[in-house]
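Peer 1: Got chain A; can you put chain B on it based on the hints?
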Amino acid sequence: MFRKTLMAAAAVFALGNTAEAATEITWWHAMDGALGGVVDQITADFNASQSDYHLVAVNKGGYEDTMTAGIAAFRAKNQPNIIQIFDAGAATIINAKGAVKPVQDLLEENNVKFDINDYIPGVRYFYADSDGKMIGMPFNSSTPLLYYNKEALAKAGVDVPKTWQEFEEAAPKLKEAGYIALAQSHSPWIFFENFMSRHNLQMATANNGYDSTDVEILYNNDALKDHWQHVKDWKDAGYYGYYGRAWGANQDAFVQQQVAMWIGSSGSFGGLRKSAQFDFGTSTLPYWKGVGDAPKSTFIGGASLFAFSGHSAEEDAGVAAFFQFLTKPETQYYWHKETGYVPITNAAYELAKKDGYYKESPDAEVGIQQLSEEGGDWTKGYRLGFYVQIREVIYREVDTIMNGEETVDAAFNTIEEEANGLLKRFNDTYSN
Amino acid sequence: MKRVQFEHSAVPYLFIAPQILIISIFFLWPAAQAVYQSFLLEDAFGMSSQFVWFRNFEDVLSSASWSRSAIFTVIFSVLVAVISIAISLFLAVRADEVIRGAKSYRTLLMWGYAIAPPVAGLLGNMMFNPLMGDLYKAFNSFGFEFNHIQNANDAAFVVILIAVWKQVSVNFIFFLSGLQGIPKSVQEAATLDCKSAERRFWTITFPLLAPTTFFLLVINLTYAFFETFGIIDVSTKGSPGGATATLVYKVYVDGFIGADLGGSSAQSVLLMIMVSVLTVFQFRFIERKVHY
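Which chain is which? The protein sequence lines are A and B, in order. Residue 432 is where the first sequence ends in this note's numbering, and the numbering goes up by one at each step. Residue 292 is where the second sequence ends in this note's numbering, and the numbering goes up by one at each step.
Rather than coming from a laboratory, the hints here were simulated on the basis of the structure. Some hints here could point you the wrong way.
What the hints assert, rightly or not - Calculated lysine to aspartate or glutamate pairs in the EDC-like style (CA-CA distance at most 16 Å, straight line):
id: 1; chain 1: A; residue 1: Lys-173; chain 2: A; residue 2: Glu-151
id: 2; chain 1: A; residue 1: Lys-274; chain 2: A; residue 2: Glu-338
id: 3; chain 1: A; residue 1: Lys-424; chain 2: B; residue 2: Glu-58
id: 4; chain 1: B; residue 1: Lys-237; chain 2: A; residue 2: Glu-64
Unchecked claim - Listed next, the stretches of chain B that the computed footprint assigns to chain A, with coverage defined by at least 3 CB atoms under 8 Å from CB atoms of chain A:
id: 5; segment: 147 to 157
id: 6; segment: 251 to 257
C-beta atoms are modelled at their ideal positions from N, C-alpha and C, and glycine is treated no differently.
Okay, chain A solo, but in the shape it has when bound:
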């Protein structure tokens, strides 16, 4: 923290000497630790690249803290220029009419060339409105991937499962070899949202919520329930490890080699490389062969950057300049390499390929390949209000399925009922 402050102070000094008239723009973000360091580097690079604007990046804690801080600041009319909002919170900020300036308008007003097709398919429409206009600038984008312990799979004599059917064949052999076959770290994101996308199943009415806030959830369907019945059976048979809702607890089980395979984020790659004392590989998210029309592309997770309204044209121009800098292939490639998040533009992906990055670390390409897989009607994303609370309901009900307190059917009825109640509240709050 002290070092960061010092660096920021040094940057301010350096800038003060060269460009006294620079317009200051602020960016509140949720990237701490190693990721925060990369953000600081990008900020410094942007400031060094031009002299009209001076960007100040401030870490506001985690995703939720950052969103809460942004809300409080906006209500006090003291909002930053740019705020990072995570996937599940996107509906809250996009549906608050007039709180943000659509990023597409902002760029076009400031004569920055914008073509939505420059972005890779998986991120293109996730933060767009129903007409396909981009509202939030995709920033840190990840997708769920399967990580596997190479030694464990070799010991059991099995290949990496591409489908859940293959997983069911491999699991008993892994158990015999002394491993729990699988764990995953985020039930709502991996085994609900991305389950729907992977199998091209509709997640909510009104075009997955993009067309209206008057919407109902479609989670209570046989394909998803069947999947969870399998998960429960796997757990009872000793093929699936359930270490609660905490991301880290499930990841630790993989790191400590209790489980042979773990589903986490493509962004987990860098961290795992440091913590895991064994050789591991990455693979795509398994799917049920014959369900929906799997395999289709997955959703992105992570967060995007929104430009708050209520700032001068000059400051908005600075935001546009920064977004232009941020989406440059070189910046994206740097971000991708340092963090494991996917590059969001085709040009950046090409640059990474041309540079030979995937030859030296092929695992880093799996995420973007999965996001570039064929899309369907239901793979572009979702826009659901109070989705943070809906995820809480899912976490809660998954607990009750796993400890046997409730059957899968009962749990899904509760999820449907409570989620629809929340969606109705959101619609009543935001639709006028």
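Peer 2: Only chain B this time, still in chain A's reference frame:
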């Protein structure tokens, strides 16, 4: 007409003005805001809002998870208050008897006071980590099938344990000073009259400590209601299945994380009413038994 009125001086008002100001700014004003918000449906950014009367209260009260959480909160609070008072009373009585090295004993017992609830939660979380937690391993090696990740009672046990541990040192300080406030002459007279230390405690010491105990009961219940959410957020996050989510934790999740201002305000108002009723109850019925 004769006017019976005393001369009023402005000085006393001047003295309490800062306190009134602080209470107004930090309590009355936010409380009024919460009551006002609880009647509104308003988007998080304040771009639109509508007055909906009791809609928010209806939504809260009709939710099964809220009722479950209300019941858990009451059980949790009573257990935390009673257990932490009992343990600290025991420790204080024993520490009061110690003569050699008394200072270091007492200081050590007070240490926990300086620990913030989330830090206590973090410590508990590590000790109960299924992969490396010592307490988790210890319980299981004694033959309990302890699993707070999946078993609701075990999870409740974990949060109660952490909350009690955190509170014991606070209570200890009060009890110890209460004990030292009991006149030596009374204790000596009691020693002459009665040989049994246990009986002396229940007939002399405990009644003399009653004002302290009552004060601590009120303080501890408030602590369990409001301040333990840091512990819960760091340790169980209300799992499994919402079994350890207290009302304050739900207010936090819905309001701060979920950005539902109306709903969480309605929950806070209900909580405020609950705690007021509880406090009035304590003062009317329990305080009667306390002799100052």
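Peer 1: Looking back at the hints listed earlier, which ones does the structure fail to meet?
Peer 2: none
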